[in-house]
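Asks: Each chain, letter by letter, is given below.
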Amino acid sequence: MNIHAYEKLWLVAAMLLIVGFIATITYGSVALGITMVGDQQDTVEPTELADDDRFDDPRVEQVGENEYEAYVVAQTFSFQPNPIEVPEDSDVTFYVTSRDVIHSFSLVGTNVNTMVIPGEVAEMTVEFDDPAEYGVVCNEYCGPGHHDMEGEVHVVSEDEFDLTELEADGPDEVETGDEISVDVTTENRQLEAIETTITLEIGDETLTEDVTIEGGETLETTFTVDSATLGEGDHDWTVTVDDHTDSGTVTVADDLEDDGGDDDE
Amino acid sequence: MSNAYIDQFPAEAKVIRAAFYSSFFALALGGVFGIIQTLHRTGYYRFIDSADYYTVLTAHGVFLVISFTIFFLVGIFTWAITTSLDRGVEDLRFTWGWYGLMAVGITLTGVAILAGFTDATDISASVLFTFYAPLQAHPLFYLGLVLFVVGTWFAGVDWFRSWWAWKAENPDERIPLPAFMVLTTMLMWYIATLGVAAAILLFLLPWSLGLIESVNPLLTRTLFWFFGHPVVYFWLMPAYMMWYVLLPKISGGKLFSDPLARVVFVLFLILSVPTGIHHQYLDPGIAEGFKFIAMTNTMFLLLPSLLTAFTVVASMEHGARQRGGEGYLGWLKALPWRDPVFAGMALAGLMFAAAGFSGMINAGMNINYLVHNTFWVVGHFHLTVGTAVALTFMAVTYWFLPQVTGKQLWSRSVALGQVVLWFVGMTFMSNAMHRGGLLGIPRRTAEPQYDGFEFEAAVGSVAELDAQIALGGVLLTLSLVLFFANVVGTALNGRSDDLPDNSYAGTLSGPEDAPQILDNLKLWTAIAVVLVIFAYTFPLLSIIDRGGLFGPELVELPLSTLDLESISALALAVEQSTIATLETTADTATAVIAGVIP
Ligand code: HEM
Ligand SMILES: [Cu+2]
Ligand SMILES: [Cu+2]
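One line per chain: the protein sequences are A and B, in this order.
For the first sequence, position 1 matches number 1 in the UniProt record's numbering, and the numbering has no gaps at all.
For the second sequence, position 108 matches number 108 in the UniProt record's numbering, and the numbering has no gaps at all.
In short, the hints are calculated from the structure, not lab data.
Bear in mind that the values here come from a model prediction, so they are computed numbers and not experimental data.
No residue lacks a Cβ here, since even glycine has one placed at the ideal position from N, Cα and C.
Hints are supplied without guarantee of correctness; some may be wrong.
Result set (DSS-like, lysine-lysine): computed pairs, CA atoms no more than 27 Å apart in a straight line [what the hints assert, rightly or not]:
no.	chain 1	residue 1	chain 2	residue 2
1	B	K14	A	K8
2	B	K167	B	K333
3	B	K254	B	K333
4	A	K8	B	K167
5	B	K254	B	K167
6	B	K249	B	K407
Anything over 12 Å on all C-beta distances counts as not near chain B; from chain A, calculated [unchecked claim]:
no.	residue
7	D56
8	S104
9	G109
10	A122
11	P131
12	V136
13	F161
14	D183
15	E195
16	D255
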């Protein structure tokens, strides 16, 4: 074959360029240990996520000193949980799956970006340094409300961050003179113990209890208030632990038996 | 009396005209939807509901990259075969047959898409041109696509038949370059379309008819991209053909090297298909190793484009020097810049070089994470298919129209204005799209404004980017108006006796310099098939192994709204057409095999 000298030169340069690209990217992915979305995770049943250990309750979990796992579910047209809160200086592994069609999970302006395919679980580990807020978009068309699908990742300071879950439960009605008891369940899902204060506010009363909850433990507390001091009527109550609150309303009434009797008729 | 194409092949000229007009009709529709979505996204003018945006986008995508491009290329391929073999088609009814099949197919698909605008029917297909399951379109959408593709398969058979007949009469001659390009492109296309044919016929169509419960979304998506990447070359190779066989002539010279042109097309045949997984770098469920293989193949696929850049520039230089051009770069001035055919192709080539840079970013497995599915990607392919291909097609139209109509071009200066306007408009639109993508602005989104956060631009602002995109879109639309003015104006002209001859560029280094083995289509096809088997067997098996052939139980969107009666009627229609398809596939396959084996 008759090839012009310049053409040979160009051919060699082109091949060098191509090999150079491949080498750079190989170095980038192998030597620097940047991992990509692959087939690390087993498949899941998209219609049975409610029974899946990891995705029944989309959440962030602590798995090591500065290591966290976030289980995220994408669906038309939202992300759960939202916002996703993680602490500064942490390594967070995201596991993302879809309940219905194909979506994406993409942190705006970063290279944290993955397709979310029903049946598959995308795995991605991200290092977060300073506190910041990132927008999350779905950048794969997923239906008529696609443009409304957004979320947020909040990287918060060490002080602000916790994985505390609070649930409080009280009676709907009590008879004047009986005790009102509010059961409080506080779960510390972090690995380290937390010291905090649980507060119940009801009417003009404020009750507090200082507690220490070990990592991974759940604490049950009960506050009791005499309904007579509150008097007849509806009373709102609120339980607070750090930034978390739960609330309810209790009705204090005379002759509760009769009212109940009326209702039954 | 002139010696234009229509004088040599009047019957074939008529088919080519029909293909061109179908192509231009699709371009007009696509352009209207293009400006609607540009103004909607950027927030300048929103008169449709945002939910309908996706119907608009589906129409824009399908009409432009399926109908506009492919109808145009079957036109110029027919020209290339008949002109370079110097013989008419073997059977004109067959030629009209495949044209008709394509037209019927795309009409069905188009109706299914456009029906999404009205509530009068349950029919809709707002699934975008990628139709990823579990998004589900009406069966007509898939059926139409199948018929359209089968039409292109027959077109290929038509051209192979011409070549076999010619070869029987000219046993010792080299395949003329334009015919060689058509045949290699079609071989690539046969392999590539197997992916989409499998996705539709085995899974999506039966699923949309309710014959199967569910599909494996990762499997159908992978089969789509098996086809989705090489389809890019199906648009590009005809544009390259124009750069090789027409541009040198218009520049006033000859093609620099025939052998290298053949090498380039052989490389495309071999490397186009085993790269599709590079669209799936971010897909969970596909191992990193497979992605890596796809990336390596993709990088090698740069080679034919780099070689083309060299040959095209060298041929232009030769032309310019023939016209008296001198100096290191001074010869550039001697090129026929006022000729819209030349100017359009040259500007298209220039934009393609820019697209090469953004393409290399896309191809990098790790850098891709930054830009995947952002507006950057839209900027990229408006340079490639939206300019390198579309502008080349529009520019050569100014040469082809007189050839196939026998009429003078309505206005050369309007034509020149048109190609320049496209270049300017695309510079604005595509540049701003690329920049927007780097900020994380997603593609395929009716309202890229969010409640919880804003896109932050380091330089300029999102408002400035939106303004540039809208301005670019308006200029492009104006350019299209000028283009159609010329097409219509030319059609209204009377017959002219004073037309340029139908011919294509000669070569400086001819086929006698090309080793005989380059024309061994059987060998190159075999290598292409082996590479595809290497690149795809394990990924496909692993996807099926993970998710099952028919996938998990799914929530499809939209929920099927078909009633039973229409299902059975459609099922019947589909069954018949499937049988027809299978038969023709078998025929095509035997024909191709027979043709490839000398
Ligand atoms: C008047 C000229 C044009 C304008 C104003 C225009 C505008 C646009 C815009 C704004 C988008 C992005 C929509 C989004 O992602 O939300 C888009 C998408 C697209 N355009 Fe164009 N375009 C034009 C011409 C073309 C041409 C000539 C082609 C190809 C031959 C083309 C092919 C495409 C494709 C394939 C998409 C992607 C569709 C999808 O994501 O499903 N466009 N266009
Ligand atoms: Cu979405
Ligand atoms: Cu591609």
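Asks: Does each hint hold? Answer for all of them.
Replies: Right, here's what the structure says about each hint:
1. K14/B x K8/A: 43 Å, violated
2. K167/B x K333/B: 43 Å, violated
3. K254/B x K333/B: OK: K254/B and K333/B at ~18 Å, within 27 Å.
4. K8/A x K167/B: 33 Å, violated
5. K254/B x K167/B: Given that 27 Å is the threshold and the Cα spacing comes to 26 Å, the pair holds.
6. K249/B x K407/B: 21 Å, holds
7. D56: The claim stands: D56/A keeps its Cβ more than 12 Å from every Cβ of chain B (closest is about 17 Å).
8. S104: S104/A not clear of chain B: closest Cβ-Cβ about 6 Å, inside 12 Å.
9. G109: 4 Å, violated
10. A122: Violated: least Cβ distance 4 Å, not greater than 12 Å.
11. P131: 15 Å, holds
12. V136: The claim is violated: V136/A sits with its nearest Cβ about 8 Å from chain B, within 12 Å.
13. F161: Per Cβ check, F161/A is outside 12 Å of chain B; nearest 19 Å; holds.
14. D183: 35 Å, holds
15. E195: 33 Å, holds
16. D255: Given that every Cβ of chain B is farther than 12 Å from that of D255/A, nearest at about 50 Å, it holds.
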